[in-house]
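J.: Both chains are sitting in their own frames, so use the hints and assemble them into the complex.
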Amino acid sequence: MRTLSSFAIVLSAAMLLAACSSTKLDDKNAPVENHAMGTNTGADANAVANNDANADPLNDPQSILSKRSIYFDYDSYSIKEEFRSVVEAHAKYLNAHKDRKIIIQGNTDDRGGTEYNLALGQKRAEAVRKALVLLGVSDEQVEAVSFGKEKPKALGSDETAWTENRRADIAYQ
Amino acid sequence: MISTTRNLTILALATMGLAFSSASHAQLRLDISGVGASQIPVAIAAFPGEEAAPQRITSVVKDDLARSGVFKLIDNDDALSDSAVVNYGQWKNRGADALAIGGVQRLADGRFDVRYRLFDTIKSSQLSALSFGSQPQLIRQTAHKIADDIYQKLTGIPGIFSTRIAYISRSGREYRLEIADADGDGVQVALRSSEPIISPVWSPDGSKLAYVSFEAKKPVIFTQNLITRERKLVANFKGSNSAPAWSPDGTHLAVALTRDGLTQIYMINADGNGVRRVTSSAGIDTEPRFSPDGNTIYFTSDRSGGPQIYKVGINGGEPQRVTFNGSYNISPRISPDGSLLAFISRREGKFQLYTLDLTNGQELRLSDTAKDESPSFAPNGKYIIYATESARRAALAVVSTDGRIKQSLFIQTGDAREPAWGPFIK
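Chains as they are written, first to last, in the working numbering: chain A, 6 to 178; chain B, 9 to 434.
Chain B with its partners taken away, still in its complex shape (with noise of 0.2 Å):
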């Protein structure tokens, strides 16, 4: 039997709120197809008092369990507080192996405090019992943090429900920069700009995103703190600074650059000092990014003649060629623990996205779209966003890393791009 309480300050999250300017309206809209290998059937039981906050805690829940694909949600009409005695074989009659119950009551400083309990009804043990001290602006993400929980204790792999997604949206003649929830709620905007943005990448802490704006009338590398809003202007070298990766210990850049020539792969101190070539090829390398290590650099390189994907080491030497399939293979991303490289790879005439097991060198596609672009791993390695096209519009999806669970995310006004996935936020 396990149990566990916590209470969570969120109160930092809110600081990060309030500090982006106008929350926009546009939200994403959500589309699911597809279902896990197996499903857990799990119970969420309506949490007494919910109704007098914001948004109801146990919807938000039941719609990022379902979303994952690897629940069964076990339909009830019940309300058990979090004091509720369970009747564990009624829940496990009902088909669940699992039941989440909780309570909200609001205080006297306006928060409200969440309750809630997780059990296992087939061992008749309790799994976690977890109590949050929530503003109401922050309910939503009291909610994920509940999915997250749940998620972790059930599968043993940690939650993505409560980490963020960036993207650049396009309506009209302005770009923004937007962050929003990873399902899409809770839309705020980070940067307005009437010239493009692209290749938004977050700092490993979560505080910071690197981008490409082009408002100085050339590509040039920005970061931004997403809680000061302070902007730094750490790339604008002569020609071209694009392709923005964190290495893992947040203190530099891998930066493609054009300062020498055609563009070319170079690190830089996270505060735009101490610019270093890392790559000379008498072509083009761009996109780099970071092995989990920090010691190994994957990036894409016309070397050879179309793109294909290479790594080097973070000091040089000689690269070594990754992808071998098709003649066109871009933009590497790896996943959190490093087995995995996710791509693009053009293939008869459509650009799709790939995963690569570094481990046995087995390729899989994950879209059957033929537009799609930007691939960025969850924080936990089990789902990819990428960008695509559907119904002629740019648009996000998301794909578990088994191929087996697709989701599409629309934007209601203009498009939607870049996407980059958020780390974790303790």
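Extracted from the complex, chain A is given alone in its bound form (with noise of 0.2 Å):
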């Protein structure tokens, strides 16, 4: 929570900004005001965001902890060898933040019905689960759900779509 809400502040003041200099460009008769809010805000938002990468390899863009899907082969419901290296990475990091809780969302491509499809990503979504929980991760820490076909992140219906959107992704609450 702590470094997700710190995350979403420099998100946030980085549109701040965004929306103040175009503000800034639009309106002439405020500039000064917005201006100094704008800058502000950016710079203490900053010092967090610097602190807390330090602090939490899940905001780090160089971790392995930033690979957070999982892809698997058609029909295929195992995990690759891969992709155990970052099974390993999130297991090792939730037992050191017992705090802390994932959903695994399972996902399929496009070709079949709806609700099997739902319980085919279930099955991705599952095999992510029964791995972290093997590796030591508490059953309280880690919730399974499917998104079947529902949600591609992948639109269309060819072979790149498909191999995308053949997926389980971990997701911190």
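Honestly, the hints are just simulated from the structure, not real lab data.
Just so we're clear, the structure is a prediction, and the values are computed from it rather than from any experiment.
Even glycine gets a Cβ: it sits at the ideal position worked out from N, Cα and C.
Incorrect hints may have been included.
What the hints assert, rightly or not - List time: in silico PhoX-like cross-link candidates among lysine-lysine, alpha-carbon distance up to 20 Å: (1) A/Lys-156 <-> B/Lys-131; (2) A/Lys-72 <-> A/Lys-135; (3) A/Lys-106 <-> B/Lys-246; (4) B/Lys-414 <-> A/Lys-135; (5) B/Lys-225 <-> A/Lys-158; (6) A/Lys-85 <-> A/Lys-97; (7) A/Lys-156 <-> B/Lys-70; (8) B/Lys-70 <-> B/Lys-414; (9) B/Lys-161 <-> B/Lys-70; (10) A/Lys-85 <-> A/Lys-135; (11) B/Lys-131 <-> B/Lys-161; (12) B/Lys-414 <-> B/Lys-80; (13) A/Lys-135 <-> A/Lys-103; (14) A/Lys-106 <-> B/Lys-358; (15) B/Lys-240 <-> B/Lys-225; (16) B/Lys-414 <-> B/Lys-434; (17) A/Lys-103 <-> B/Lys-379; (18) A/Lys-158 <-> A/Lys-103; (19) B/Lys-358 <-> B/Lys-379; (20) A/Lys-135 <-> A/Lys-106; (21) B/Lys-161 <-> B/Lys-434.
Stated by the list, open to error - Far from chain A, some chain B residues (derived; all Cβ distances over 12 Å): (22) Gln-63; (23) Ala-87; (24) Ala-92; (25) Gly-357.
T.: What follows is the structure, encoded as structure tokens:
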């Protein structure tokens, strides 16, 4: 929670800066006040973000923990060797941060029935959940759910889209 | 000679209609192909006074009858009031085996008095006589009731023109649970969401829908009362909650839950209490549907490898496999009389609608499209609505269970999926 909310502050500060600059260009009556507000907020948020990135590897884009997606082969529900290290890294993090919880969201490509695909997406999410629990993560920290084919990341009905959508995502709460 | 006169109070329907949120203007467009094995020639004379009503009743009746594929409409420019003396021989000579006449009168309270009679020109006898006091906004419903009566009197099978369908439509980022008349007209929105909605099913009395919503960032099951609009979260267990099916008596829902691992079938009370596990497999068991007697649940399972359809008693026991042809058979739906199983089968890469006659094992492919999903029987068992893709757009299609009559329903804005045919409305 801590890190996510500070991340959100950085984001909203950045958006505020962007908003202020456009306001400034459009509105010539109150440029000074807007500019001052934007500068202050931005400086504070940057300071927090720098401290936090050092403290929590979850926010470090260089960390393996920034990888949150596990891809699956066609009609397959087992975790491929290349994603072992990702699952292990998240297990290690969750074991060190017992207060953190994740939802694993399983997805499928768009071929086949709505409900059966929902069950297949669950099979992928469950494979990741089981792997984490085997690595010592508490049941209480993990929930496996499925989006089936209902929330595709890649649109379209071709091999590229299908490959992208055969996926389980780890979402920190 | 049969003669019946009924006055139907459709105030309850009016209340139902008003309880919906703003009616959508996205209407369904209908394309029809194919005809029935033998068509009954029937003449519908114009109803004097019908031009004063919001819709021309005989136009709606004729559209309904033509769409069914069962009738051949005999052209005529006649307008005969319900008290006219019918010259049977004249209509018989024009090729009509049956004739419907009627009249419409505006009443002092704003309602319309709609009267109709149906005659057998061969036997020179009256088959039916009905009168309705109809609110102006329910004129189409009244016309559908007349079409239902003609269908029933001439075929012996209840008509489904006054029933309704629920489906999910999507335009842009908005998902809507919509309800329309069986002809795709009169669209009303029951729910809007920025997250997917799937698997709507009607309660046996037609007063509620159960469906799966992703609004909680995971699939959970709601029921929604269509009259009071009250929504109830009935299944929100850890993991995914999906595939609701009403028991025939409306007291229970069979659902697919993942609270104990992979997707399995459970029963809950319709109010969400009293969860009980029904199936126990190492794989996927989902898409439960009750047999009409409520004693058996048909479902999809991958216990043998690919998905196949099985059945099991509601109190458990050893499931029996039902489908054997093809390696991918899903979405079992049982006809109202329990004799037919509709399902989706993947053969040679195409997902198509099939039926399996449970009395003799005869299989029939009912579609020639490639992305069919979510079949649903009309309450008279004679038609199946299903989702398909037409011109790269999601669309709904209706096919007669003998495969002879096919209709496509396109909604004009966005796409439509997950159809569910509602029950007869008393």
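J.: Under the criterion that the straight-line Cα-Cα distance not exceed 20 Å, is the pair B/Lys-161, B/Lys-434 satisfied?
T.: The hint holds at about 17 Å.
J.: Confirm or reject: B/Gln-63 is not an interface residue toward chain A, with every Cβ-Cβ distance exceeding 12 Å.
T.: holds (35 Å)
J.: Would the non-interface assignment of B/Ala-87 survive a Cβ cutoff of 12 Å against chain A?
T.: At roughly 49 Å from the nearest Cβ of chain A, B/Ala-87 sits farther out than 12 Å, so the non-interface label holds.
J.: Given the proposed pairing of B/Lys-161 with B/Lys-70, does the C-alpha separation stay at or below 20 Å?
T.: Holds, because 16 Å separates the two Cα atoms, which is no more than 20 Å.
J.: Holds or violated: A/Lys-85 with A/Lys-135, Cα cutoff 20 Å?
T.: holds (14 Å)
J.: Taken at face value, is the distance from the CA of B/Lys-434 to the CA of B/Lys-414 at most 20 Å?
T.: Status violated; Cα separation ~27 Å.
J.: Would the pair A/Lys-156 and B/Lys-70 pass a check requiring their Cα atoms to be no farther apart than 20 Å?
T.: violated (42 Å)
J.: Can the restraint linking B/Lys-414 and B/Lys-80 be considered satisfied, given a maximum Cα separation of 20 Å?
T.: holds (16 Å)
J.: According to the definition I'm using, a residue is off the interface if its beta carbon is farther than 12 Å from all beta carbons of the partner; does B/Gly-357 meet that for chain A?
T.: violated (9 Å)
J.: Given the hint that B/Lys-225 pairs with A/Lys-158, does the C-alpha gap stay at or below 20 Å?
T.: holds (15 Å)
J.: Are the Cα atoms of A/Lys-135 and A/Lys-103 separated by 20 Å or less?
T.: holds (17 Å)
J.: Compare the distance between the alpha carbons of A/Lys-72 and A/Lys-135 with 20 Å, and conclude whether the hinted pair is satisfied.
T.: The hint holds at about 18 Å.
The structure fails to meet hints 1, 4, 7, 14, 16, 17, 18 and 25 from the earlier list, while all remaining hints are met.
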